[in-house]
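**Student:** Quick note, the sequences are listed as chains A and B, same order. Here this note's numbering is used: position 53 in the first sequence is 53, and no number is missing along the way. Here this note's numbering is used: position 353 in the second sequence is 353, and no number is missing along the way.
These aren't lab readings, by the way, just hints derived from the structure by calculation. Keep in mind that a hint or two might mislead.
[To be verified] For the chain A half of the interface with chain B, some residues (derived, Cβ under 8 Å), not all of them:
(1) P111
(2) P120
(3) V131
(4) L148
(5) L150
(6) L207
(7) L210
(8) A216
(9) P227
(10) V230
[Said to hold, decoys possible] EDC-like cross-link-like pairs, simulated, lysine to aspartate or glutamate; straight-line CA separation at most 20 Å:
(11) A:K99 <-> B:E223
(12) A:K99 <-> B:D91
(13) A:K208 <-> B:E223
(14) A:K62 <-> B:D91
(15) A:K246 <-> A:E180
(16) A:K99 <-> B:E82
(17) A:K54 <-> A:E180
(18) A:K246 <-> A:E192
(19) A:K81 <-> A:D133
All C-beta atoms in this analysis are idealised placements derived from N, C-alpha and C, irrespective of residue type, glycine included.
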Amino acid sequence: MKRSVFSLLMVAILGSAVVAQDGLRMARLPESSAATGRQSGAVAALDRAAAANKFAFVFFWKEQNPQTDRAWGVLQAAAGKMSDWAEVVSVQTSDPAEKPLVDRFGTSRAPMPLVLAVAPCGAVTKAFSSVFDESQLRSAFVSPGTQLCLKALQDRKLVLLCVVDQAGPNGSGAPMAAQEFKADQRFGAASEIVLVSATDEGEAGFLKELRVDTRAPRPFTVLLAPPGSVIGQFDGRASKDQLLAKLAAAQSNPCAGGACGPGGCGPRK
Amino acid sequence: MRMRTLVWREIFERKSQLVTSFLAILLGITVIVSIKNITFYSEKAVAREMDSLGANILIMPKSVTLQDYYAADMQGDTIPEEYVTQLAMSDLQGLDNLSPKLSMPVELQGRSFTLTGILPKSEFQAKAAWAGAGIFTRPAGCGAMPTMAFAGDDKKTLVRQRVIENLEQDESLVGADVATALALKEGDRLSLLGREFKVTALLPQTGTIDDSRVFAHLHTVQELADKGPVVSAIEVVGCCQEISKGLVGKINRLLPEAKVVTITQIADAQIKMNHMMSRLSAIFLVIIVVVGGAGIANYMFANVYERRREIGTLMSLGATSFLIQRIFLLKALLLGIAGGVGGYLLGTLLAVVLGPKLAGVPVLPMPVLALWALLISTGLTLAASFFPARRAARLDPCATFQEI
């Protein structure tokens with residue numbers, strides 16, 4: 001009697017272990033390129049997502065551990081509901097085949113696991129470290145105007161965000177000052193014009209976040225500098241020189257002359 | 001007999017008491033001048049440091065205790081470099097300028113210097129933009145300047161702004177003392193621990209430990225130190241307003257395994273010492289007034305009493321009360337001038353010699369203190385001698401002759 005109970009108990013324990021193993025296997029990360037001998041598919045997956053005008057959630061991880069498994073599980077579950085708008089790409093940072101992607105995003109020394117939401121244009125719209133949920137992942141889907149601005153800023157370029165009534169092709173419709181600024185050889189390569197239609201509901205949230213006065217007569221230009229500073233807002237009558245003057249003022253050290261010292265805004269004695 | 005002769009003879013009438021009184025004034029003035037001199041330059045150094053670093057925060061290993069801000073990374077303990085990404089990615093405002101550092105000692109031509117790895121802003125600035133659209137709500141300014149790819153990168157601003165925009169893996173920036181000692185100039189090649197570096201810039205003199213550093217890319221120094229992805233300290237050129245809103249506490253919650261301090265906390269010990277020295281100089285002033293003044297008054301009264309016959313003789317020969325008073329007051333004035341000048345010179349010498357040892361700052365003579373020393377010493381001697389001199393002037397010649 002005792003032996004049969006013991007045997008049943010052993011079967012139950014072994015059986016539950018098999019079930020648990022299956023459960024873990026479902027949540028397991030894809031095998032790394034090093035393990036399978038395949039070339040990295042992460043770059044190709046990223047390109048496919050961009051071509052399909054989808055976002056990509058790039059999951060960077062270093063080693064398989066409970067934290068990594070948990071984050072991967074959350075990402076998989078959430079991404080399953082967002083498959084029309086986003087793909088999931090897994091990248092093991094210690095895999096030599098993944099070095100190009102790791103170097104591209106500079107994640108070799110980032111806390112792991114790390115999820116980067118990459119827009120079709122290549123801009124990183126959001127980053128999540130370890131703990132996140134579906135609603136946070138959804139917040140990574142930003143408007144096209146936001147994507148283009150972030151891309152340029154992440155490339156360390158100035159952004160001339162031109163709010164117009166109707167966005168024309170190739171930057172037409174942008175205020176003259178912005179066009180002249182872009183045409184200037186000194187700044188042309190280091191600046192981008194992003195046209196946003198004032199009537200586009202999708203961009204309303206973005207403009208609100210910039211604290212732009214959308215009631216101002218259009219077109220007007222908002223000058224942004226990396227990593228995301230709003231330098232100023234200029235109406236259609238502004239000249240290129242006014243933009244340059246504002247930029248020069250913003251580049252002066254705000255803590256010069258004791259502004260951050262005891263007589264300024266710094267700690268008091 | 002002239003006034004000058006009378007006063008001169010009067011001064012040396014009682015030499016031992018004269019010397020005692022003179023020493024009391026001399027030592028008192030010496031102490032006050034030296035304390036004031038050292039305190040002035042110490043306060044100036046603290047104010048200068050707070051002026052340029054006032055809104056700065058240091059993130060270091062918990063085990064570190066810190067006395068000198070500029071040597072924050074000169075200790076062996078480290079923290080993970082991933083803290084930099086955590087800070088850059090966080091939604092904390094005011095963290096636009098980060099400067100992670102890792103230092104190690106190196107020997108060059110028989111001399112010891114420090115090789116410091118720094119991470120250029122370009123390598124983590126993009127991560128700040130990973131906050132997504134939320135980055136647009138961060139305040140402009142706050143110690144951070146918008147930086148663009150076309151903007152010229154003057155690497156020499158490292159010592160002033162504490163951060164650098166770009167730095168290649170084989171580039172180096174050389175501190176003023178290192179450049180002088182090794183006769184380096186821009187464009188030279190420098191070999192460190194078997195690695196070749198190009199000297200991209202020679203940094204200006206700062207008077208801090210940075211003058212004896214060679215700066216290189218953080219990841220290069222990590223390879224040379226064989227320490228992995230770690231840093232000794234992360235300097236945050238902070239936002240004044242955000243610091244007052246509790247940025248230090250927020251960073252503490254984000255990085256509970258690290259120690260977070262502000263320049264004020266580091267300078268606190270120095271500020272407290274300066275306040276203590278100021279109070280000490282005030283106490284000494286009181287002592288010198290009370291003790292020194294009493295001593296001089298006692299000396300003068302004794303002097304008047306002992307010289308009453310001579311005073312009576314002078315008055316009977318036609319000297320006026322005013323003349324008698326003048327003799328004693330002039331004597332006091334000369335004593336005060338001698339004590340003031342001597343005290344200023346000795347105090348200044350002590351401050352210049354001991355100041356760097358006590359306060360760690362260079363101390364220079366302050367001519368304005370000579371004026372104060374003279375005013376205090378002569379004021380004291382004249383005030384202490386006023387009543388004795390008046391008593392001498394009111395002596396009755398007949399009464400003094402009756403004692404003979």
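**Student:** Decide, hint by hint, whether the structure agrees.
**Tutor:** Status of each hint after checking the structure:
1. P111: Where the cut-off is 8 Å and the nearest Cβ of chain B is about 4 Å from A:P111, the hint holds.
2. P120: Check failed: Cβ of A:P120 comes no nearer than 15 Å to chain B, outside 8 Å.
3. V131: Violated, about 13 Å.
4. L148: violated (12 Å)
5. L150: holds (6 Å)
6. L207: Nearest chain B Cβ about 10 Å off; hint violated.
7. L210: holds (5 Å)
8. A216: violated (17 Å)
9. P227: At 4 Å from the nearest chain B Cβ, A:P227 passes the 8 Å test, so the hint holds.
10. V230: holds (6 Å)
11. A:K99 <-> B:E223: Distance of about 18 Å is within 20 Å: holds.
12. A:K99 <-> B:D91: Given pair A:K99, B:D91 is violated - Cα atoms ~28 Å apart, limit 20 Å.
13. A:K208 <-> B:E223: At roughly 46 Å apart (the allowed maximum being 20 Å), B:E223 and A:K208 break the hint.
14. A:K62 <-> B:D91: violated (24 Å)
15. A:K246 <-> A:E180: holds (16 Å)
16. A:K99 <-> B:E82: Holds, at about 18 Å.
17. A:K54 <-> A:E180: Status violated; Cα separation ~34 Å.
18. A:K246 <-> A:E192: Roughly 17 Å separates the two Cα atoms, so the pair holds.
19. A:K81 <-> A:D133: Status holds; Cα separation ~13 Å.
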